[in-house]
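S.K.: Chains as they are written, first to last, in the numbering used here: chain A, 1 to 177; chain B, 1 to 177.
Honestly, the hints are just simulated from the structure, not real lab data.
Any given hint might turn out to be false.
[To be verified] Here are the computed lysine to any residue pairs in the SDA-like style, where the Cα-Cα straight-line distance is at most 20 Å:
id : chain 1 : residue 1 : chain 2 : residue 2
1  : B       : 91        : A       : 156
2  : A       : 169       : B       : 43
3  : B       : 43        : A       : 81
[Said to hold, decoys possible] DEER-style ranges, computed between Cβ atoms:
id : chain 1 : residue 1 : chain 2 : residue 2 : range
4  : B       : 12        : A       : 116       : 42 to 52 Å
5  : A       : 149       : B       : 58        : 46 to 56 Å
6  : A       : 77        : B       : 104       : 32 to 42 Å
7  : B       : 49        : A       : 154       : 11 to 21 Å
8  : A       : 116       : B       : 49        : 36 to 46 Å
9  : A       : 67        : B       : 117       : 44 to 54 Å
10 : B       : 91        : A       : 161       : 16 to 26 Å
Please read all numbers here as calculations on a predicted model, not as lab measurements.
Beta carbons: idealized from backbone N, C-alpha and C, even for Gly.
There are 2 protein chains.
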Amino acid sequence: MKVFVLRLGHRPTRDKRITTHVALTARAFGAEGFVLAGVHDEKVVKSIKKVCSIWGGSSFKVVTGVDPISYINEWRRGGGLVVHLTMYGIKVDEVIDVLRSSCRELLIVVGAEKVPNVIYELSDYNIAIGHQPHSEVGALAVFLDRLFNGRELYFIYSDAKIRIVPTEKGKRVVRIG
Amino acid sequence: MKVFVLRLGHRPTRDKRITTHVALTARAFGAEGFVLAGVHDEKVVKSIKKVCSIWGGSSFKVVTGVDPISYINEWRRGGGLVVHLTMYGIKVDEVIDVLRSSCRELLIVVGAEKVPNVIYELSDYNIAIGHQPHSEVGALAVFLDRLFNGRELYFIYSDAKIRIVPTEKGKRVVRIG
Numbered sequence: 001m002k003v004f005v006l007r008l009g010h011r012p013t014r015d016k017r018i019t020t021h022v023a024l025t026a027r028a029f030g031a032e033g034f035v036l037a038g039v040h041d042e043k044v045v046k047s048i049k050k051v052c053s054i055w056g057g058s059s060f061k062v063v064t065g066v067d068p069i070s071y072i073n074e075w076r077r078g079g080g081l082v083v084h085l086t087m088y089g090i091k092v093d094e095v096i097d098v099l100r101s102s103c104r105e106l107l108i109v110v111g112a113e114k115v116p117n118v119i120y121e122l123s124d125y126n127i128a129i130g131h132q133p134h135s136e137v138g139a140l141a142v143f144l145d146r147l148f149n150g151r152e153l154y155f156i157y158s159d160a161k162i163r164i165v166p167t168e169k170g171k172r173v174v175r176i177g
Numbered sequence: 001m002k003v004f005v006l007r008l009g010h011r012p013t014r015d016k017r018i019t020t021h022v023a024l025t026a027r028a029f030g031a032e033g034f035v036l037a038g039v040h041d042e043k044v045v046k047s048i049k050k051v052c053s054i055w056g057g058s059s060f061k062v063v064t065g066v067d068p069i070s071y072i073n074e075w076r077r078g079g080g081l082v083v084h085l086t087m088y089g090i091k092v093d094e095v096i097d098v099l100r101s102s103c104r105e106l107l108i109v110v111g112a113e114k115v116p117n118v119i120y121e122l123s124d125y126n127i128a129i130g131h132q133p134h135s136e137v138g139a140l141a142v143f144l145d146r147l148f149n150g151r152e153l154y155f156i157y158s159d160a161k162i163r164i165v166p167t168e169k170g171k172r173v174v175r176i177g
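Bound-form chain A, shown alone:
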């Protein structure tokens, strides 16, 4: 399944770290691309590219400055599905099996604090990872973990320069590139 993550409402003055966490979570949990709506933020892009250059993922796409409504419409015109993660949505348990088995191209939209109503309307599904306020990073991570049934944690980037050797205490890393 091709999965992209679209981040709405990024404000460079205060969202750099959260948005970077969203992007790195997308990459680490099996998405193929990250799209930043509305603005270009060089620092965020640099952080993602740096991780990709060390840990692999030269194929991971990063796009910035898109108009989110056009992007969503275009995605849907191409036959892809759009889900918007929001605590106001329906329970993830109600739809995750259908998405996993029937969807081939999935755009996951995650917002900042205020998401315009039109996003709720345009999305095929508004999905809640719990109905409590918490974090778009946490919501995205759990959604992808459920979507991929935990297999994403075993994913290896073939172009990684270093790789972790899981260990009970301390840190072990091997250079492979």
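Got chain A sorted already, so can you dock chain B onto it with the hints?
M.R.: Same frame as chain A, but now just chain B:
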């Protein structure tokens, strides 16, 4: 199971939002308390308390300024287990069933960028939510989701003043307090 989350390495100048996301994820995903090591950050505490006053959780404990090593040692002396989430650790799949079935008091330690070696030594388990760099927020969310087998998403705070009515489009909220 009693679960607390201990956040290490918080720098008030740049970590306010990430740390707040860690704390809100802890609360939303079934932890009973959040502990901030080393410093007191009034803004972070205020954000958590505000969420608790609206969405429930007056029983959710927030502690700041503790010495993390003393706190971990004290937790273990009381018979509790300590897990540290780190991409260098062993796979979550290897230990989650044991933790779920045998642990009664669990302290989950999440770090900032650099975590001192002593934390790896003191923790009963160093556990990776994937071996890629991503986010302590995402790692905590997935860990708790696995620990509670997804039941945490159905948890309701009895002292909430408002509650979401899950809906396919838009936002529906009812006042209950």
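S.K.: Each of the hints needs a verdict: does it hold here or not?
M.R.: Status of each hint after checking the structure:
1. B:91 x A:156: Measuring from Cα to Cα gives roughly 14 Å; hence the hint holds.
2. A:169 x B:43: Violated, because 34 Å separates the two Cα atoms, which is more than 20 Å.
3. B:43 x A:81: 39 Å, violated
4. B:12 x A:116: 42 to 52 Å: For residue 116 of chain A against residue 12 of chain B, whose Cβ atoms are near 32 Å apart, the range 42 to 52 Å is violated.
5. A:149 x B:58: 46 to 56 Å: 37 Å, violated
6. A:77 x B:104: 32 to 42 Å: 53 Å, violated
7. B:49 x A:154: 11 to 21 Å: 39 Å, violated
8. A:116 x B:49: 36 to 46 Å: Because 29 Å falls outside the window, the suggested range is violated.
9. A:67 x B:117: 44 to 54 Å: 47 Å, holds
10. B:91 x A:161: 16 to 26 Å: Since the Cβ atoms of residue 91 of chain B and residue 161 of chain A sit about 22 Å apart, the hinted range of 16 to 26 Å holds.
Checked against the numbered hints given earlier, this structure breaks hints 2, 3, 4, 5, 6, 7, 8; the rest are met.
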